[in-house]
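Undergrad: Here is how the chains run, residue by residue.
Number of protein chains: 2
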Amino acid sequence: MKFIDKLLNASRKNKSWLCVGLDPDPELMPEVDVLQFNKAIIEVTHDLVCAYKPNLAFYEALGTEGLAILEKTVKYIPGDIPVIGDAKRGDIGNTAKAYARALFSILGFDAATVNPYLGFDSLEPFINYQDKGVFILCRTSNKGAADFQDLRAAGAPLYEAVARKAKEWNIYGNIGLVVGATYPEELKKVRSMCPEMPLLIPGIGAQGGDLASAVSYGVDARGDKAIINVSRQILYASKEKDFAQAARTMAEKIRNQINDYRHKAR
Amino acid sequence: MKFIDKLLNASRKNKSWLCVGLDPDPELMPEVDVLQFNKAIIEVTHDLVCAYKPNLAFYEALGTEGLAILEKTVKYIPGDIPVIGDAKRGDIGNTAKAYARALFSILGFDAATVNPYLGFDSLEPFINYQDKGVFILCRTSNKGAADFQDLRAAGAPLYEAVARKAKEWNIYGNIGLVVGATYPEELKKVRSMCPEMPLLIPGIGAQGGDLASAVSYGVDARGDKAIINVSRQILYASKEKDFAQAARTMAEKIRNQINDYRHKAR
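Sequences listed follow chains A and B, in order. Under my numbering, think of the first position of the first sequence as 884, with each following residue one higher. Under my numbering, think of the first position of the second sequence as 884, with each following residue one higher.
No wet-lab data here; the hints were simulated from the structure. Any given hint could be a false lead.
As the list claims (entries may be wrong) - 27 angstroms max Cα-Cα, derived DSSO-like pairs, lysine-lysine:
1) A:K980 x B:K1122
2) A:K1147 x A:K1136
3) B:K1048 x A:K980
4) A:K955 x B:K898
5) A:K1050 x B:K1026
6) A:K980 x B:K1026
7) B:K980 x A:K922
8) B:K1048 x B:K1071
9) A:K1048 x B:K1048
10) B:K922 x A:K980
11) B:K898 x B:K1147
12) B:K1147 x A:K1026
13) A:K1048 x B:K1026
14) A:K1026 x B:K955
15) A:K1122 x B:K980
16) B:K1050 x A:K1026
17) A:K955 x B:K1071
Claimed, not checked - If you want a taste of the chain A side facing chain B, the calculated C-beta under 7 angstroms gives, among others:
18) S1005
19) N1025
20) K1147
Note that the Cβ used here is the ideal one computed from N, Cα and C, for glycine as well.
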């Protein structure tokens, strides 16, 4: 099944455009084994999300066993919920092929995030997995995003050039874009340029992005395809023994808020 | 010891600005265990190089045991030869911190490559490891590099904006740049903008870069600090049982050619 169909199916089934970022941070987590933590979060949220998004950095920071935990986490996620590997990889063709293999064939992600700085041949090995989703970083959610992404290149900011190219490269219909919730105007602009693409929207909660504008500017004409990612606000809703219940409560609240804003946006 | 001193020491000791890229590719390798392959290559080249550069993609593509092989490979490299982790990571601050920890504290690299697309706060956690080297992608060696890196932003190509920012951010003197040998004019330009920085120069051999211009445009005023990376041309000099001897012969030849060009450049 194509990534976009799996995503739409999960979204319909769970009435949700919430994506939970599975980013276990030992400094913020309750005192529990990382795999057990992930499993508990998945157990209480899998009927509330359209996707999960583990960021590989948090697993690599755990040492060699980190990747084993990531593999087990991905396997634990119900098969009908797509998993986006947030890896932000980007390398020359020959090497990008190895990264694509690692993310799609070895780790089994349904989609991955990639960095556009190296241009088309660095993304092509990912795009060639036609059933997988490829989310290209466009306008990221962090403060430093402005350093290069806002530089005016040929009359428009660089991130718009990325969105334009992404559209041009989208021959298999499996490309999406990453646009931070912390920059609503830029999000609005990207959605207007790419009315059909799924947008992965991080930056809600800990990073300060506003949910109402993220949803209303991020959705397509049907009120869909805005994947709102929340990590810390849900994972660390409580640092105590009730962390899983607190995570569910928070996830449910945000899922419902997203739906309210979707209806208002239409 | 600071990365740059370790690099200069190794370079002086081995009279070399050759860096061997440890990128084990099962499709190109002789039939031998990956760790044994790396060990054999290190054994026959460690007196001929200024650094080693494993690219993480090739280890991630081997599955979970890949990272264990990478860890063992890094430990097998003599302590006085710096190891550059070619990871090209780039993520928001909180996540970049986890990547920096993974590369510098867990895997023990002396330096790492990073992607500038997300701006300063995505690089800061790396730069804050003051004894480690941070090589920022500037003008990469692949064909697609032109897609964004050559876009004119404020009157100059984007890669020049990256070089300018890298200079500004270099308060600890631990930043270097990645510039492909396949674009000699761009390399010349970057060297003129950053006369003191170490430049990591891939693209020789399999990618078609010209060694003479890479060296003459890449070195600083002393004829130093141009780290010429070669991977496939050395690793796969032979696919037979004599692969290690063939790798040594090729490495020695390239090391000496680099030195010839260095003398001509001065």
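Undergrad: Each hint needs a verdict: does it hold in this structure or not?
TA: Do the hints match the structure? See the list:
1. A:K980 x B:K1122: OK: A:K980 and B:K1122 at ~21 angstroms, within 27 angstroms.
2. A:K1147 x A:K1136: holds (17 angstroms)
3. B:K1048 x A:K980: violated (30 angstroms)
4. A:K955 x B:K898: violated (47 angstroms)
5. A:K1050 x B:K1026: Holds, at about 20 angstroms.
6. A:K980 x B:K1026: holds (15 angstroms)
7. B:K980 x A:K922: Holds - the C-alpha atoms of A:K922 and B:K980 are around 24 angstroms apart, at most 27 angstroms.
8. B:K1048 x B:K1071: holds (18 angstroms)
9. A:K1048 x B:K1048: holds (25 angstroms)
10. B:K922 x A:K980: Holds - the C-alpha atoms of A:K980 and B:K922 are around 24 angstroms apart, at most 27 angstroms.
11. B:K898 x B:K1147: holds (16 angstroms)
12. B:K1147 x A:K1026: violated (45 angstroms)
13. A:K1048 x B:K1026: holds (15 angstroms)
14. A:K1026 x B:K955: violated (37 angstroms)
15. A:K1122 x B:K980: holds (21 angstroms)
16. B:K1050 x A:K1026: Distance of about 20 angstroms is within 27 angstroms: holds.
17. A:K955 x B:K1071: The hint is violated at about 48 angstroms.
18. S1005: holds (6 angstroms)
19. N1025: holds (4 angstroms)
20. K1147: violated (29 angstroms)
Checked against the numbered hints listed earlier, the structure breaks hints 3, 4, 12, 14, 17 and 20; every other hint is satisfied.
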